Amino acid sequence: EAQVTQNPRYLITVTGKKLTVTCSQNMNHEYMSWYRQDPGLGLRQIYYSMNVEVTDKGDVPEGYKVSRKEKRNFPLILESPSPNQTSLYFCASSLTGQGSYEQYFGPGTRLTVT
Amino acid sequence: DAKTTQPTSMDCAEGRAANLPCNHSTISGNEYVYWYRQIHSQGPQYIIHGLKNNETNEMASLIITEDRKSSTLILPHATLRDTAVYYCIVRAKTSYDKVIFGPGTSLSVIP
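Going down the list, the sequences are from chains D and G.
The opening position of the first sequence corresponds to residue 1 in our numbering, with each subsequent residue numbered one higher.
The opening position of the second sequence corresponds to residue 1001 in our numbering, with each subsequent residue numbered one higher.
The shape of chain G in the complex, shown without the other chains (with noise of 0.2 Å):
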């Protein structure tokens, strides 16, 4: 599964968007992009995944860039309840290979 880096740390006002951006520069075509995040010692909480398409669900949007080599979690409207480390993942879709939690990006949401 392909590697992403992570920018170790972002603040974000309560109420404003908070966009979180991952570089998977050496993704291949078969390789989704999946996010999940972690609040403090809680167990880690899928959030969103997607191919080539932007997706959008309850909970954020994550947008892809034509070429696939980055993507952005997107949280509309941040609150403090969104303060965790998040995670960006690559998985190919037929891979069997365990899931890869880098260091992620820890979002402090500030009032």
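So here's chain D without its partners, still in its complex pose (with noise of 0.2 Å):
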């Protein structure tokens, strides 16, 4: 079956512990995406990656880090995360970044930090 998934479902930590959300992907995609979503301001894009070893910020990308060393997996980092960053993240795909594809989104994770 075709799909996005992420890990961990739900996460309850504590500021400053640096945590990892893992996304994967089995459609062979070339774009991934991380986006965050808070009551009131929608979703908001934080990182992107075109292709392998091709990443770009989005529109909130500070205490966020990602990679993507291979084409299936782009995992989210937070090294010191923050009350803040407390919110419902969700990874998609899309076989190329371009308008004429659609996305997949991940079923979500929901952070808190404490």
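Hints in this document: simulated from the structure, not taken from any laboratory.
On a predicted model such as this, the values are computed, not experimentally measured, just so you know.
Check before you lean on any hint, since a few could be wrong.
Only pairs whose alpha carbons sit at most 27 Å apart, straight line, appear in this in silico BS3-like list of lysine-lysine [stated by the list, open to error]: (1) G:K1003 <-> D:K57; (2) G:K1093 <-> D:K57; (3) G:K1098 <-> D:K69; (4) G:K1069 <-> G:K1003; (5) G:K1098 <-> D:K65; (6) D:K71 <-> D:K18; (7) D:K69 <-> D:K57.
Please assemble the complex out of the two chains, which come individually in their own frames, going by the hints.
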């Protein structure tokens, strides 16, 4: 089954404790992206990747890192999480980053930073 | 990418057709109209997209006006599981711009 998976689905952590949220897709997609969703602010893009070893900042990259060493994986790294990073996170992928292709989203990771 | 305008919320009776409008009056010739939906706190789900012709798939139909300034997503027989926020997005075929999700339309299907 074609899908985007994220782990963990739920995470409660403390300020400053490094964490990684994994994202994997099995569709051989070139483009992958991370979004966060907060009440009243909608979905905002954090980082995206056009292909392996090619990443770029989205609208809200501060406090996050990403890497794209393999085509299927696009982990989101929070080096020193803070309470303002409490949010619902979604990973997405599409065949390419072009507008003619739909995006497939993962199930989401609900992160709470205390 | 062109901006879209959608009603904030809509209700639909279960079993009836849900018609969700979207205005995209500044759309340009090479921009697609996409529809996604998000069921409470789940990942957004792609529904359908089109350029100028009407499109239909197993989930919905997309009707685009001849001038392409507006479109309507039709869920032919709405069920309670169709209760969700529906997002209308336009994107150029060759654009690498990020997908911008506006506030969307919150559809409530009522028993």
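These are the hints, each one checked on the structure:
no., hint, result
1, G:K1003 <-> D:K57, "holds (22 Å)"
2, G:K1093 <-> D:K57, "holds (22 Å)"
3, G:K1098 <-> D:K69, "holds (21 Å)"
4, G:K1069 <-> G:K1003, "holds (11 Å)"
5, G:K1098 <-> D:K65, "holds (18 Å)"
6, D:K71 <-> D:K18, "holds (24 Å)"
7, D:K69 <-> D:K57, "holds (17 Å)"
Hint check: no violations occur; every hint is consistent with the structure.
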